[in-house]
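Just so you know, the protein sequences line up as chains A and B, in that order.
The opening position of the first sequence corresponds to residue 1 in our numbering, with each subsequent residue numbered one higher.
The opening position of the second sequence corresponds to residue 1 in our numbering, with each subsequent residue numbered one higher.
Hints in this document: simulated from the structure, not taken from any laboratory.
For clarity, every value in this text was computed on a predicted model and none was experimentally measured.
Ideal placement from N, C-alpha and C gives every residue a C-beta, glycine not left out.
The list that follows gives simulated cross-link-like pairs (lysine to aspartate or glutamate, DMTMM-like), each with its CA atoms no further than 25 Å apart:
1) B:Lys348 to A:Glu305
2) B:Lys364 to A:Glu333
3) A:Lys65 to A:Glu158
4) B:Lys193 to A:Asp107
5) B:Lys205 to A:Asp34
6) B:Lys364 to A:Asp112
7) B:Lys364 to B:Asp351
Which stretches of chain A does chain B cover? Using the computed rule of at least three CB atoms under 8 Å from a CB of chain B, they are:
8) 195 to 208
9) 222 to 235
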Amino acid sequence: MRLFSVLVICVSIGFFSSCSSDEAPISSLCPTIDEADQTALFEFYKDELIIPAYTQAVSDVQVLKSGLDNFLNNPSTDNLLDVQNQFKTAYLSWEYAEPFYFGPAEDQLIEDHFNYFPIDMENLQLAIQNGFDSDLTEKYDRGFPAMDYLLFNGSESEIIEALTQSDVRTYLLANIENMESRIVAVEEAWRGSFGASFVANTGKADGASLSQIINTYNRHFETIKRNRIGLPSGILTLGFKQPQVVEGFYSAMSLELAKASVAASSAYFYGHVGGTDAHRSIYSLLNDLELLSGNERLADKMDAEIKVFANHLDDINGTLDYAVEFETETINELYQSMSGFVVLAKTDMPTALCISITYVDNPSDSD
Amino acid sequence: MSSMQKIKDYLNTGVSIAPLVTFRLLFYGLFFIGAIRFIASGWINELYSGTAFYFKFYGLSWVPNIGSYAMLAIYIIMVLSSLCCLLGFFYRLSAIITFLGFFFYEFTDATNYLNHYYLVLLLLFLLIFLPANKAFSFDVSYRGVKSFDRIPRFMIVIIQFQLACVYFFAGLAKLNADWLINFMPMAVWLPSKSDLPLIGPLLAKPFTAALFSYGGAIYDLSIAFFLCFKRTRTVAYLFVLGFHLMVGLLFNIGLFPWIMILSTTIFFSDEKHVKILSKIGFNPNKDTTFVVSKIKAVYLGLAFYVFVQLILPMRSLLYPGNVLWHEQGYRFSWRVMLVEKAGVATFKVFDEEDVFLGEVDNSKYLSAYQEKQMAIQPDFILQYAHHLKNQLEEEYKIKNLKIKCDCFVALNGRASQRLVYADTDLSQEVDNWAVKKWIIPLMDN
Numbered sequence: 001m002r003l004f005s006v007l008v009i010c011v012s013i014g015f016f017s018s019c020s021s022d023e024a025p026i027s028s029l030c031p032t033i034d035e036a037d038q039t040a041l042f043e044f045y046k047d048e049l050i051i052p053a054y055t056q057a058v059s060d061v062q063v064l065k066s067g068l069d070n071f072l073n074n075p076s077t078d079n080l081l082d083v084q085n086q087f088k089t090a091y092l093s094w095e096y097a098e099p100f101y102f103g104p105a106e107d108q109l110i111e112d113h114f115n116y117f118p119i120d121m122e123n124l125q126l127a128i129q130n131g132f133d134s135d136l137t138e139k140y141d142r143g144f145p146a147m148d149y150l151l152f153n154g155s156e157s158e159i160i161e162a163l164t165q166s167d168v169r170t171y172l173l174a175n176i177e178n179m180e181s182r183i184v185a186v187e188e189a190w191r192g193s194f195g196a197s198f199v200a201n202t203g204k205a206d207g208a209s210l211s212q213i214i215n216t217y218n219r220h221f222e223t224i225k226r227n228r229i230g231l232p233s234g235i236l237t238l239g240f241k242q243p244q245v246v247e248g249f250y251s252a253m254s255l256e257l258a259k260a261s262v263a264a265s266s267a268y269f270y271g272h273v274g275g276t277d278a279h280r281s282i283y284s285l286l287n288d289l290e291l292l293s294g295n296e297r298l299a300d301k302m303d304a305e306i307k308v309f310a311n312h313l314d315d316i317n318g319t320l321d322y323a324v325e326f327e328t329e330t331i332n333e334l335y336q337s338m339s340g341f342v343v344l345a346k347t348d349m350p351t352a353l354c355i356s357i358t359y360v361d362n363p364s365d366s367d
Numbered sequence: 001m002s003s004m005q006k007i008k009d010y011l012n013t014g015v016s017i018a019p020l021v022t023f024r025l026l027f028y029g030l031f032f033i034g035a036i037r038f039i040a041s042g043w044i045n046e047l048y049s050g051t052a053f054y055f056k057f058y059g060l061s062w063v064p065n066i067g068s069y070a071m072l073a074i075y076i077i078m079v080l081s082s083l084c085c086l087l088g089f090f091y092r093l094s095a096i097i098t099f100l101g102f103f104f105y106e107f108t109d110a111t112n113y114l115n116h117y118y119l120v121l122l123l124l125f126l127l128i129f130l131p132a133n134k135a136f137s138f139d140v141s142y143r144g145v146k147s148f149d150r151i152p153r154f155m156i157v158i159i160q161f162q163l164a165c166v167y168f169f170a171g172l173a174k175l176n177a178d179w180l181i182n183f184m185p186m187a188v189w190l191p192s193k194s195d196l197p198l199i200g201p202l203l204a205k206p207f208t209a210a211l212f213s214y215g216g217a218i219y220d221l222s223i224a225f226f227l228c229f230k231r232t233r234t235v236a237y238l239f240v241l242g243f244h245l246m247v248g249l250l251f252n253i254g255l256f257p258w259i260m261i262l263s264t265t266i267f268f269s270d271e272k273h274v275k276i277l278s279k280i281g282f283n284p285n286k287d288t289t290f291v292v293s294k295i296k297a298v299y300l301g302l303a304f305y306v307f308v309q310l311i312l313p314m315r316s317l318l319y320p321g322n323v324l325w326h327e328q329g330y331r332f333s334w335r336v337m338l339v340e341k342a343g344v345a346t347f348k349v350f351d352e353e354d355v356f357l358g359e360v361d362n363s364k365y366l367s368a369y370q371e372k373q374m375a376i377q378p379d380f381i382l383q384y385a386h387h388l389k390n391q392l393e394e395e396y397k398i399k400n401l402k403i404k405c406d407c408f409v410a411l412n413g414r415a416s417q418r419l420v421y422a423d424t425d426l427s428q429e430v431d432n433w434a435v436k437k438w439i440i441p442l443m444d445n
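Excised from the complex, chain A in its bound form (with noise of 0.2 Å):
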């Protein structure tokens, strides 16, 4: 009995103590999404933004394997120059896949093969005179970071003599072979059975499409932020700055690559490409719901920053390499807004939508 009244007091201590508090009650529980709009979401982004983005960097690769091999059998200015503009266009048609790291994207660990940056120089010269391989090459040997490096560091005779050494000559024929064969893979499997499954995968489990969606939007989003902005700028290291690490360094086309991620994270935020009207996106998806981040609605909270940091983004001019020695007072104002965005973007929005964050998960067991 005496046991029996403990118990009493101590629930009723517990109870007490949790209830006295004077916070507001949750505001949102976990909105329904009807299974429809799902669909119609899922198919929209299949077919109105990832499958263009894949055709048309599958394409350029190809356009740019061409080029590679033309200019390689008659090396002249005239060839590099139409296969250096051709890097450029794949490199940025790149851009816009990049964002879509999952399924068959994840398969191939394409982000490793296309664009890991910066490159490693001096363990690339070693990379070359080991040959190429695709297990074995390290991701900072590889890829576009390889071919800036290669097709763009020094003046055109010196590229040409370079570039023609057998050894440069047939690693790079086979770091474009390899490119081309993974995100042809990435393509095929979105036209084919994984597309099929990404439409008709809906609810809320974790792997689920809309949980892909969210998650891979922000590790986008994150890695333009860190590896884009972040590392060059010297904001990451107390203010020892790195130009030479940003995108596209040697081809210098560092804020044309800088602008494309952004363009196509916010592509991937709004549902905007060309051609239909109705936009389905992460961003109708939140307005419909009528989902709010304290008493505003978070659809309005983060279009309003995605436009700050596009605005401070369009501030830059020249280059990222050189805006981030010149220009410092911009670069930390568009990281700053970035960094604000990450909140809203990272927490509110998956607690809103009761979405977990899954691309940092437990490696372990949980309770």
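Chain A is fixed; fit chain B onto it per the hints.
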């Protein structure tokens, strides 16, 4: 006779050793399997190589970081020592080794803290002192250790008490507004399992979250009492089976369901245990009672243990605000499955004149999982800030750096809000038992 004396007599009455023997077999058997599972899963490498920094528990910062190879060695030793415990072979020594190994594992990186690991550690600790090898063991058969068929009752009761604590305090912790009114975090977690066959669609329904929340709270608060009484015991055990198997199916909680399912068999009567064990050869010397020497000291130790176990889970009441948010007094309190938190913590570095120098790339110092855990737990944020100060001052040869943190956390469906004051130099704050004033209370939103 005073009631104190009555209690003492009750606790000292001889009861069969059989339940303790069963417990030894099941618990160490599970530990043995668990250790092998841990090695086979590759978790040691994943968790203990790659970063140079590990989070520590308050007061346990002295536990050294030994790297993944040494950790693997510890695990292999624990596989062997738990097997010895299971067989009752050099029992005391093996029990001590198993306990120390697991202690070391558990306290090397606080990131990996799990309540059920803590329970395992406590049980391993108790088992060092219990004469679980005094019957049906290699020690008795081959090493001439004397066998007994009766032990004082408190040796069984202490394990029952420990298990009851887990349930009861886990139930108490559920009596909060998030759990009872908003059904959080069940309302988020259950729909995320809606792709399961058969029950999947049901899990997406709001009603199910309410059912789980109230069912879970009632179960936790009452199950230990129902297990204590003979009349309700069988039904209660069926509930134990059903509850843990279901929860185990739904959530990624590893061996926890099995720990509880196997451990709670200790609530069954002596006769049941004797009956089952004798089928596999349990046959201790009849009418021999294990006598405890220095009983006063033992009772004192026992009372202290019980006191600590009752006080630790309640200590969070001493801290103002919502424990789910500030996490002061959160661990070692059987608070399980209570929060869904998402956080982002950005550390900013200033020089002594308060000039902003830059931000910290967390991925340089922490694993992705450590970063995720750090961003939602204030004491980790503090430890990490101290580590950063040392690390960066050495790396950049700058003195008197200030470390501040922009940390935003969304708790159980609320909009995100700041967890710590942005202008506090965290490297000057000390971790202790006092209220952490640099934590911003959970606010209306």
